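Starting from two chains that each stand alone, build the complex the way the hints lay out.
Residue numbers (the numbering used here), protein chains in the order written: chain Z, 9 to 68; chain Y, 2 to 233.
Do not rely on the hints blindly, as some may be mistaken.
Each computed DSSO-like pair below joins lysine-lysine, with the alpha-carbon atoms no more than 30 Å apart [said to hold, decoys possible]: (1) Z/34 / Y/182; (2) Y/41 / Z/56; (3) Y/226 / Z/34; (4) Y/41 / Z/36; (5) Y/41 / Z/33; (6) Z/44 / Y/224; (7) Z/36 / Y/224; (8) Y/41 / Z/39.
In case anyone wonders, no lab produced these hints; they're calculated from the structure.
Being a predicted model, the structure only gives us computed values, none of them experimental.
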Amino acid sequence: MNKPDKVEKTTQIVINGQIPEKLGKKVKLYKTEEFKELNVNDIIAKAKELQRQGGSGTVR
Amino acid sequence: MIYKDIYVPWSVVKTKISSTLDNFTYIEYPDKYEIYVADKIFCFICVLPKTELPGANVQPDLEDFEQNYKGKGNLFEIYGMKDASYSPLREWQSVGVVYEVQPPEPGETFKQNIFDTRISEDLVGRDGCVEIVGGQYYIKDPSVIDERDIVEFSVVDKDNVLGLFQYYGLTVGTDVLELAKFVRTHSVIGGTLVKIEPGQTKILPLGLYLRVSYICYGTTSFKFKVDYFIPR
Chain Z
9 MNKPDKVEKT
19 TQIVINGQIP
29 EKLGKKVKLY
39 KTEEFKELNV
49 NDIIAKAKEL
59 QRQGGSGTVR
Chain Y
2 MIYKDIYVPW
12 SVVKTKISST
22 LDNFTYIEYP
32 DKYEIYVADK
42 IFCFICVLPK
52 TELPGANVQP
62 DLEDFEQNYK
72 GKGNLFEIYG
82 MKDASYSPLR
92 EWQSVGVVYE
102 VQPPEPGETF
112 KQNIFDTRIS
122 EDLVGRDGCV
132 EIVGGQYYIK
142 DPSVIDERDI
152 VEFSVVDKDN
162 VLGLFQYYGL
172 TVGTDVLELA
182 KFVRTHSVIG
192 GTLVKIEPGQ
202 TKILPLGLYL
212 RVSYICYGTT
222 SFKFKVDYFI
232 PR
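Excised from the complex, chain Y in its bound form (with noise of 0.2 Å):
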């Protein structure tokens, strides 16, 4: 589930925490505590610092958390949420990657470009996965594109991740187990930044691949830049 992030103060998120606890949770870092509390399809999140502000009293509402609240908060298990349990959780960051488009060789009528990037440990969360919620891609120079060309975005298991390579019949190193294809024979855009929107949150267990499929038809290699929409 995503949830409409809504940043308030202690006052205000403890009146969303629910009577039985199961609707918050929290994480604590040296100088504070960042708190979330699931409503509906809110999130509604509070920072609290450990340490006084100038202008700020914040003793009363970190007194408050740390007596009654903290060491309870057990959303995650209520919820069902531990498969993206770092969703209201999360911060966004966006990872880009440059790839080298290389143009059909004389003799062929296109080159299809195949870039594969491994979900690795500096992507996936605590709970072992990442969320893709979106991205962009950008060619910056249009005349280097050619009417045909063609772009798709999917996800692949290539490592036997999942565990279905002998279900299939498949072997590791050469064969490929393609997941989803989200963005499917998209005529390629250049000049212009182009979002990726894959419809949904798909959350990605590490040892995965995003493939990025370019079919080029054109003359010369180009670079493509892709970003990636990510919690941490």
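Just chain Z, same shape as in the assembly (with noise of 0.2 Å):
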């Protein structure tokens, strides 16, 4: 079964019915240095702590 991780050339995305004007950044929480093997009740709650501490963040 062809199942694409990544959007093709040749391949629309709509977004709730429209076309976007521009595509931008997805960064996959969960797989970041930070936040990796967490659910999500936790990731919210870090992400507030993260918030309150300021710094910057390691994108995979």
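As structure tokens, this is what we get:
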């Protein structure tokens, strides 16, 4: 089965039925060093903690 | 924590209240009290009407509660449950949305249909969060589904609700922070209700989005109905 993990050039993305003017970046938080293997509840709790601390993140 | 709800009369529920009164709370309505007592994995619930019901003498129970317990419950503070403070108070609702899946156009291999539903004020509880415990989707006509079609469910932040956009160098309006993907690369099933079980209750703050991604290889557009099961 063809399971694309990346959208190819011959594919259009529509968001809520509309073609977006510009496709931005997507960061998968659950794959970052800071949040890897955390469930979403813990991700949100840690995000609040990081927000308080400030700093920069690691994107993978 | 998810509790198993057990509805009991006042005479039973009061025996579950600890001597320090730290395991219960209640909601007062114009016509009744709803009393919740947490005990291990159970949430004992009692509904006390404020007016007499035919065949039931509730006045003694009402007086007992109002004189000895009302104003004293502090379940949430003691158990640190503020983030999910309406878990034991939950009253279930199913929130449904109907999306229109578009097929790829000539020259395209497939089309990725992304549907974002914002967690709005209508959905959140008194703590400003919503709990997603599961859901289901439905496509009436299975013949519209290509065997390669894939559906995914995730939670994303598009508006910097968590305040991490600067942290990861993202821009509001174009970029997306994907917090979790709780259904990944599922082959689509049609003609029947398909359950979505995230495996754990997701406690999500106001302003995040519930995202559905449907990668369509078919040739026709069709309705894609999604219901989320959440407590009020």
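30 Å limit on alpha-carbon distance, applied to hinted pair residue 41 of chain Y and residue 39 of chain Z: Given that 30 Å is the threshold and the Cα spacing comes to 34 Å, the pair is violated.
Restraint check for residue 36 of chain Z with residue 224 of chain Y, where alpha carbons must lie at most 30 Å apart: Holds: residue 36 of chain Z and residue 224 of chain Y sit about 28 Å apart, inside 30 Å.
Agreement of residue 34 of chain Z and residue 182 of chain Y with the hint, judged by alpha carbon distance not exceeding 30 Å: holds (13 Å)
Pairwise hint evaluation, residue 36 of chain Z against residue 41 of chain Y, where the allowed Cα distance is 30 Å at most: violated (36 Å)
Hint consistency between residue 226 of chain Y and residue 34 of chain Z [alpha-carbon to alpha-carbon, up to 30 Å]: Roughly 25 Å separates the two Cα atoms, so the pair holds.
Residue 44 of chain Z paired with residue 224 of chain Y [C-alpha distance capped at 30 Å]: This hinted pair is violated, its Cα atoms lying about 35 Å apart.
Residue 41 of chain Y paired with residue 33 of chain Z [C-alpha distance capped at 30 Å]: At roughly 44 Å apart (the allowed maximum being 30 Å), residue 33 of chain Z and residue 41 of chain Y break the hint.
Restraint status (C-alpha distance of residue 41 of chain Y to residue 56 of chain Z at most 30 Å): holds (29 Å)
Hints 4, 5, 6 and 8 from the earlier list are contradicted by this structure; the remaining hints agree with it.
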